[in-house]
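K.L.:
Produce the complete structure using the sequences and hints provided.
Protein chains in written order, with this note's numbering: chain X, 1 to 626; chain E, 1 to 342.
Read the hints as simulated data drawn from the structure, not as lab findings.
Bear in mind the structure is a predicted one, so any value in this text is a computation, not a measurement.
All residues carry an ideal CB built from backbone N, CA and C; glycine is no exception.
Covered by chain X, according to a simulated footprint, are these stretches of chain E (three or more residues, beta-carbon under 8 Å):
no.: 1; segment: 318-326
no.: 2; segment: 331-337
Far from chain E, by Cβ distances over 12 Å, these chain X residues were calculated:
no.: 3; residue: Q34
no.: 4; residue: P64
no.: 5; residue: R568
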Amino acid sequence: MVESPTLGSSAKKSVVQRERATIRFAGDSGDGMQLAGNRFTDATAVFGNDFSTLPDFPAEIRAPAGSLAGVSSFQISFSARTIHTPGDAPDALVAMNPAALKVHAKELIRGGLLIVNKDAFTSANLKKAGYTSNPLDDGSLADYRLIEVPITQLASAAAAESGVSKQDAERTKNLFALGVVYWLFDRDLGPSIAWIEEKFAKLPAVVEANKAALKAGHAYGETAELADAHVSVPPASLLPGTYRTITGNEATAIGLVAAKELSGLQLFYGSYPITPASDILHSLASYRNFGVKTFQAEDEIAAVGAAIGAAFGGSIGVTGTSGPGVALKSESIGLAVMTELPLIVLNVQRGGPSTGLPTKTEQGDLLQALYGRNGESPVCVIAPRSPGDCFYMVIEAVRLAFHAMTPVIFLSDGYLANTAEPWPLPDISQLPKIDVTFHQDPQTFEPYRRNPDTLARQYAIPGTPALQHRIGGLEKADGSGNVSYDPDNHQHMIDTRADKIARIANVIPALEIEGPDTGDVLVLSWGSTYGAAITAVEQARADGAGVSLAHLRHLNPFPANLADVLSRFQTVLIPETNSGQLRLLVRAKFLVDAQGLNKVNGQPFNSSEIVDAIMALRSTQVPTHA
Amino acid sequence: MVVTDRDVSADEAPRLSKKDFASDQDTRWCPGCGDYSILSQMQRMLPNLGRKREDIVFVSGIGCSSRFPYYMNTYGFHTIHGRAPTLATGLKLARPELLIFVVTGDGDGLSIGGNHLLHALRRNLDINILLFNNRIYGLTKGQYSPTSEVGKVTKSSPMGSIENPLNPIAVALTAEATFVARTFDTDPVHLSATLEAAAHHKGASFVEIYQNCNIFNDGTFRDFTDKPVRGERLLYLEPGKPMLFGDDHQRGLALSGATPRIVQADDQDVIIHNPAEDAPTVGNMLARFQYPDMPVPMGIFRQVHKPSYGDMLGQQITDATEQRGPGDLAALIAGDNTWHVD
Ligand code: SF4
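P.N.:
Set out below in structure tokens:
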């Protein structure tokens, strides 16, 4: 272990206990805000709070330094009780330059703590951020508790003693800022120091410089008596167990490896680099010792083609991408529909259309997943609801793909991909095995002969003696699998493919209602909106609203009891970070006049936005049990 | 369970015959199409390999040639336009023991699927890509293709094509394919031998097959492939032998600097064909030979041995497993940093 920091411990002032706090670190892309945020997250995990994080970075890797486009931020909310979102407005904001202040100050709560790096407020930087006067002097920040710290100077001075270059010394300013925040929020420096020592083990001077800056920041907080009190958020009473921090992309990659073990099959992952899905490729590529085969393809089409080829050969064939990549893969997904092969397509959704907002989140690809192919081309569509849920849902994707011999589209998004939460480790022995049987018997074999229950066709893979057959994208005669242009057969196959997907509803869990099972308002959410929706529903119920939540993880087919659930409530509210795609489906399918709450600005919902919508709906209703 | 590393030794397999490789499907190419000959030679050649039918897979794209898998009594996948190499890639990486042929055409392989062709070749994936070149779009009934000549009049180029054609052999050489050959539909012996050599090659094989489309582009290769003129107008490449042609092998090829010239067969400057040469000079020169200025080369332009993509992937898996031990799922799930809540 590392030396335990004693700094500040003797000077503890009064401590204000709070149930929850939300901090945002914001600065230029080069300022190391993601690093500071991740270190704070680790310290918070060790401390025992529940937490949720929201990294937000610019699409351009090298946006001009100091510009608004170059601002990168990291928000963490941590709590003494269970939480589901990274918080709405932050209580504290660290702004490393004027651009970061400009972009983020307006979201800080009134009376919130605003820590700025005074050194960065030069006239050049102010101009780049579009300030005509210096906000530190002109009174425009009067609503906040402003703390100006010469962070660059102090960090450089502290780091310089270790003998690093001037430039490297300046680069420790994020750790200085982190030290200040640790003091303010009563966190232990230990985990960060251990991390620095491990990370830069080969560069002793850098270790010393970073440690010095971190400790100096902490000491500065103490000696300058930055605030009247520490804020302390006691540990949460999480369920007993072993936890780790996990992001959605990490959970997705690990879940695929688990599915490999649960099925006993090989795992093949074909992918082309794309934000925000690339991390899944990176993770899987490092699992060679699990026998995982990754293939970085020449394009999106090759990535999915290779996954289909692997599936034809009896592997778990997976391709991962974001919306633009799915657009390119759509013809190939149709081929997997026609050839009835198990294929898993991961779509880590981002802002669209076209290149859109690569680093921002959106649920804009639901209709693309259901309908974005030529012809009647039904596939199974599922969506994880939290970072940790990506693990379970990607296993579910594999299970359903083989169960019904169908492509399954897994709709994650940029928010789930990058957000982190504490995750209780699953007990592997409790995870159900994935049963896959390859057909072997020539007497009973026909490529398109079906299981009468699931309608899945027989799966015979190359290498199986006496079962040589040909499949392809032309319409197939049911049973024999021969090319068929027969009109009646085509109608029959169209109906059969649709029925096969519909029957998946028999093997997925019923939709649960969180809250009373009848009432005024049902919030119906899907995918990453879960955290904000459950938080909002609990809050609104505490405020007296008759509201419940039903959250969909299966979107095609829907759970069999969805119609019943919808019928139990006066009004249905569907919050989505798109313009109303699930709402369109629900209205069309169930003739329910569902109301939409739609936000498409690249950011996840704040729970308060959903609370407001619930309350507004309630006030427009005739009270039923007043 | 997945069948892996299936034993494919020749002694175990009973000797198969040509008809064992014919499927029960009726062939549906136009009567007289060059595709029939290629199919027939493939079915005739395959028994020579001693492989079991179930270990062989034909993967195709879209076009007349891409109907090929339906007629083979092996596993087969008729995919979508241009994408056959991508499916073959995934299948080969998942199942290294399979013998995979990709059947494509000039439109499928060089137009819509050009990208995939390049990348499958440069990766040296151990698959065999057969490109049936008829210089026309047949299935869509007669548009010019990426190998059609400048000036070619077709339904979509009524005033003549204004596009420069691609040279498939030059493309394959540029992509660093480790086996590059050309053959043609009306010389069954050469065709069969070339297919067999391609199948034996470890790594990516590329075979351009001149194929007559007697409906939409009849006779496009006739001027140099017809029997009576072949001897004079084709250059049959034979490894280790001097590059000679002519009915009586009376002429040969020599180099003046970097420029090829035609000399008498007994000229001491006649070049010896060496497809194993890694340097691209002679291969590229031969690729550019066109009738009527030069004889059209047939045979193996290049055959070099390099590790295949699949072998290297397998090696990485072996190395990683040796260095880090076989993957431990529980450890992977836990990651580097856990904490306990009691
Ligand atoms: S159109 Fe041409 S290439 Fe196609 S089958 Fe007929 S003859 Fe052969």
